[in-house]
Amino acid sequence: GAGVSQSPSNKVTEKGKDVELRCDPISGHTALYWYRQSLGQGLEFLIYFQGNSAPDKSGLPSDRFSAERTGGSVSTLTIQRTQQEDSAVYLCASKGGGADTQYFGPGTRLTVL
Amino acid sequence: SQQGEEDPQALSIQEGENATMNCSYKTSINNLQWYRQNSGRGLVHLILIRSNEREKHSGRLRVTLDTSKKSSSLLITASRAADTASYFCATDAIGGNEKLTFGTGTRLTIIP
Chain E
1 GAGVSQSPSN
11 KVTEKGKDVE
21 LRCDPISGHT
31 ALYWYRQSLG
41 QGLEFLIYFQ
51 GNSAPDKSGL
61 PSDRFSAERT
71 GGSVSTLTIQ
81 RTQQEDSAVY
91 LCASKGGGAD
101 TQYFGPGTRL
111 TVL
Chain B
114 SQQGEEDPQA
124 LSIQEGENAT
134 MNCSYKTSIN
144 NLQWYRQNSG
154 RGLVHLILIR
164 SNEREKHSGR
174 LRVTLDTSKK
184 SSSLLITASR
194 AADTASYFCA
204 TDAIGGNEKL
214 TFGTGTRLTI
224 IP
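Residue numbers (my numbering), protein chains in the order written: chain E, 1 to 113; chain B, 114 to 225.
Simulated from the structure, these hints should not be mistaken for laboratory data.
Treat each hint with caution, since some may be false.
For lysine-lysine, the following DSSO-like pairs were computed, each having C-alpha atoms within a straight-line distance of at most 30 angstroms [to be verified]:
(1) E:K15 x E:K57
(2) B:K182 x B:K169
(3) B:K183 x B:K169
(4) B:K139 x E:K57
(5) E:K15 x B:K182
One side only, chain B facing chain E, incomplete, derived with CB under 10 angstroms [to be verified]:
(6) L161
(7) N210
(8) G218
Nothing here was measured: the structure is a model prediction, and the numbers come from that model.
Even for Gly, the Cβ is constructed at its ideal location relative to N, Cα and C.
Chain E on its own, in the form it takes in the complex (with noise of 0.2 angstroms):
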């Protein structure tokens, strides 16, 4: 596609529940990022994909949170039994075609009550 899409676009979800959050790089790049914004901790990484690999989670805040990415394009980051301190921007990017520049998507933002 033309750019990084993210999906949904907003979640609410209740304290508990699970949630997954899907995106879509730009057609080709092999490597993709998860990174979360929230006012108290400002913007974060989370995981990085290249390819289908992950070699790099050190991000993740517990394991609660867990992400995969199939066929070297859409990635899922999934929060199991949600908490109040996950409500966040999450926003993904992805990078390729040799560029060291990362491109994002428009975000998730994801309000647990």
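With the hints as your guide, set chain B onto chain E.
The following block gives chain B in isolation, referenced to the frame of chain E:
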């Protein structure tokens, strides 16, 4: 965690004036990138400067990088109302697995 700080945290200037934002970081880097964010959503890439570069221009933007001081600045000349946004620097650290570490951001308001 965030690598560095940006200052000022907030800046308000009259349309047509120049705006300068500064970024400091902590580790050795491959490159530094500046992004703009409107309304707390997606980040728009503005410019990338590599560690062996000292200055770079793109339209009304000028970025400088001083690796000895671990600092960068972003200058926006002849500001416009549409430049109102938050601006973030982000570093790609050497040995950092290509992830970006962001600064705290500067909230820029252009007064028409």
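Outcome of the hint check:
Proximity of K15 (chain E) to K57 (chain E) is assessed by CA-CA distance (about 24 angstroms); at most 30 angstroms being required, the pair is judged to hold. The straight-line distance between the Cα atoms of K182 (chain B) and K169 (chain B) is roughly 17 angstroms, inside the 30 angstroms bound, and the hint therefore holds. Taken as a hint, the K183 (chain B) and K169 (chain B) pair is honoured in the structure, with Cα atoms around 16 angstroms apart against an allowance of 30 angstroms. Distance restraint check for K139 (chain B) and K57 (chain E): the Cα-Cα separation of roughly 22 angstroms lies within the 30 angstroms cut-off, and the hinted pair is therefore satisfied.
Restraint check: the Cα-Cα separation between K15 (chain E) and K182 (chain B) comes to about 45 angstroms, which exceeds 30 angstroms; the hinted pair is violated. Against a cut-off of 10 angstroms between C-beta atoms, the interface hint on L161 (chain B) holds, since the closest Cβ of chain E lies about 6 angstroms away. Hint status for N210 (chain B): holds, given a least beta-carbon distance of 4 angstroms to chain E, under 10 angstroms. With a least beta-carbon distance of about 7 angstroms to chain E, the hint placing G218 (chain B) at the interface is held under the 10 angstroms criterion.
Consistency with the previously given hints fails for number 5 only.
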